[in-house]
Amino acid sequence: DQQVKQNSPSLSVQEGRISILNCDYTNSMFDYFLWYKKYPAEGPTFLISISSIKDKNEDGRFTVFLNKSAKHLSLHIVPSQPGDSAVYFCAASVESNFGNEKLTFGTGTRLTIIP
Amino acid sequence: DTEVTQTPKHLVMGMTNKKSLKCEQHMGHRAMYWYKQKAKKPPELMFVYSYEKLSINESVPSRFSPECPNSSLLNLHLHALQPEDSALYLCASSQEIVDRGNAQYFGPGTRLLVL
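Chains as they are written, first to last, in this note's numbering: chain A, 1 to 115; chain B, 1001 to 1115.
Treat the hints as calculated values from the structure; they're not laboratory data. A quick note: this is a predicted structure, and the numbers were derived from the prediction, not measured. Treat the hints with care, since some could be wrong.
[Stated by the list, open to error] Calculated cross-link-like contacts (lysine-lysine; reagent style PhoX-like; alpha-carbon spacing at most 20 Å):
hint: 1; chain 1: B; residue 1: K1036; chain 2: A; residue 2: K102
hint: 2; chain 1: A; residue 1: K102; chain 2: B; residue 2: K1053
hint: 3; chain 1: B; residue 1: K1019; chain 2: A; residue 2: K102
hint: 4; chain 1: B; residue 1: K1036; chain 2: B; residue 2: K1022
hint: 5; chain 1: A; residue 1: K5; chain 2: B; residue 2: K1038
hint: 6; chain 1: A; residue 1: K54; chain 2: A; residue 2: K68
hint: 7; chain 1: A; residue 1: K102; chain 2: A; residue 2: K71
hint: 8; chain 1: B; residue 1: K1053; chain 2: B; residue 2: K1022
hint: 9; chain 1: B; residue 1: K1022; chain 2: B; residue 2: K1009
hint: 10; chain 1: A; residue 1: K5; chain 2: B; residue 2: K1036
hint: 11; chain 1: B; residue 1: K1036; chain 2: B; residue 2: K1009
hint: 12; chain 1: B; residue 1: K1019; chain 2: B; residue 2: K1009
hint: 13; chain 1: A; residue 1: K5; chain 2: A; residue 2: K71
hint: 14; chain 1: B; residue 1: K1041; chain 2: A; residue 2: K5
hint: 15; chain 1: B; residue 1: K1018; chain 2: B; residue 2: K1036
hint: 16; chain 1: A; residue 1: K5; chain 2: A; residue 2: K68
hint: 17; chain 1: B; residue 1: K1038; chain 2: B; residue 2: K1009
hint: 18; chain 1: A; residue 1: K56; chain 2: A; residue 2: K68
hint: 19; chain 1: A; residue 1: K71; chain 2: A; residue 2: K54
hint: 20; chain 1: A; residue 1: K71; chain 2: A; residue 2: K56
hint: 21; chain 1: A; residue 1: K102; chain 2: B; residue 2: K1041
hint: 22; chain 1: A; residue 1: K102; chain 2: A; residue 2: K5
hint: 23; chain 1: B; residue 1: K1040; chain 2: B; residue 2: K1019
hint: 24; chain 1: A; residue 1: K5; chain 2: B; residue 2: K1040
[To be verified] Pair by pair, the computed Cβ-Cβ distance ranges are:
hint: 25; chain 1: A; residue 1: M29; chain 2: B; residue 2: T1007; range: 33 to 41 Å
hint: 26; chain 1: A; residue 1: S69; chain 2: B; residue 2: R1063; range: 37 to 45 Å
hint: 27; chain 1: A; residue 1: Q81; chain 2: B; residue 2: M1027; range: 23 to 31 Å
hint: 28; chain 1: B; residue 1: H1079; chain 2: A; residue 2: N67; range: 42 to 50 Å
hint: 29; chain 1: A; residue 1: E42; chain 2: B; residue 2: N1057; range: 41 to 49 Å
Glycine included, each C-beta is placed from N, C-alpha and C at the ideal position.
Based on the provided sequences and hints, a complete structural model is requested.
Shown next as structure tokens:
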């Protein structure tokens, strides 16, 4: 049962335009959401996160939007740059009994920025 | 400094071998994690250590044995692995939870091939 879903396996965007990556989740217990970027043969790199008490968080070119009623979040990258080409994973977490994060990852979206 | 280091980068082992993967962080993080990632799949949580104690074991076979010698180090001991255990093994760490929402920071991974 895939609790975090990224329905678009790939996305191509022109350089300078906005990239929008989407993520849906089913577990209403999730209360913290993160986006990671992954290059081949490297570990995921943390990009941005959002708590369920917020609906938007912005960090430079990256903005994450959360719609709790729809159980949907999105990552906006603007303007898109060639270095943004990577696989993007959405992740969700619920606090464990031990106070640490148990992350559930989506299946990833491969973003390609076209020069 | 948000660096998590992992050694070795690559490992080839036979099914009768015993080997260990190592992970190190010097960010003062008190939670450390092992993930397994197969090709074109999201990372899957294996183990979580919180304050050097094993807090989560996601029903991982006993041929994988984690160890946390101190707050900066995390090992994964491998014995009698199967070819299907070939994957990228990722280590991550995060701060203790004071406020919710501490991101996990990942190492570059160890790519393991079991022959």
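Results of checking the hints against the structure:
1. K1036/B x K102/A: holds, 14 Å
2. K102/A x K1053/B: Roughly 15 Å separates the two Cα atoms, so the pair holds.
3. K1019/B x K102/A: Status violated; Cα separation ~27 Å.
4. K1036/B x K1022/B: Holds, because 14 Å separates the two Cα atoms, which is no more than 20 Å.
5. K5/A x K1038/B: Between K5/A and K1038/B the Cα gap is close to 17 Å, so the pair holds against 20 Å.
6. K54/A x K68/A: Holds, because 9 Å separates the two Cα atoms, which is no more than 20 Å.
7. K102/A x K71/A: holds, 18 Å
8. K1053/B x K1022/B: Within the cut-off at roughly 17 Å; holds.
9. K1022/B x K1009/B: holds, 10 Å
10. K5/A x K1036/B: Satisfied, since the Cα-Cα distance of roughly 18 Å is no more than 20 Å.
11. K1036/B x K1009/B: holds, 14 Å
12. K1019/B x K1009/B: holds, 13 Å
13. K5/A x K71/A: holds, 11 Å
14. K1041/B x K5/A: OK: K1041/B and K5/A at ~12 Å, within 20 Å.
15. K1018/B x K1036/B: It holds: about 18 Å lies between the C-alpha atoms, which stays within 20 Å.
16. K5/A x K68/A: Given pair K5/A, K68/A holds - Cα atoms ~15 Å apart, limit 20 Å.
17. K1038/B x K1009/B: Distance ~16 Å between K1038/B and K1009/B Cα, so the pair holds.
18. K56/A x K68/A: holds, 11 Å
19. K71/A x K54/A: Holds, at roughly 13 Å.
20. K71/A x K56/A: Holds - the C-alpha atoms of K56/A and K71/A are around 14 Å apart, at most 20 Å.
21. K102/A x K1041/B: holds, 17 Å
22. K102/A x K5/A: Distance of about 16 Å is within 20 Å: holds.
23. K1040/B x K1019/B: Violated: K1040/B and K1019/B sit about 25 Å apart, past 20 Å.
24. K5/A x K1040/B: holds, 14 Å
25. M29/A x T1007/B: 33 to 41 Å: Holds - the Cβ-Cβ distance for M29/A and T1007/B, about 36 Å, lies within 33 to 41 Å.
26. S69/A x R1063/B: 37 to 45 Å: holds, 44 Å
27. Q81/A x M1027/B: 23 to 31 Å: holds, 28 Å
28. H1079/B x N67/A: 42 to 50 Å: Holds: the Cβ-Cβ distance is about 46 Å, inside 42 to 50 Å.
29. E42/A x N1057/B: 41 to 49 Å: violated, 26 Å
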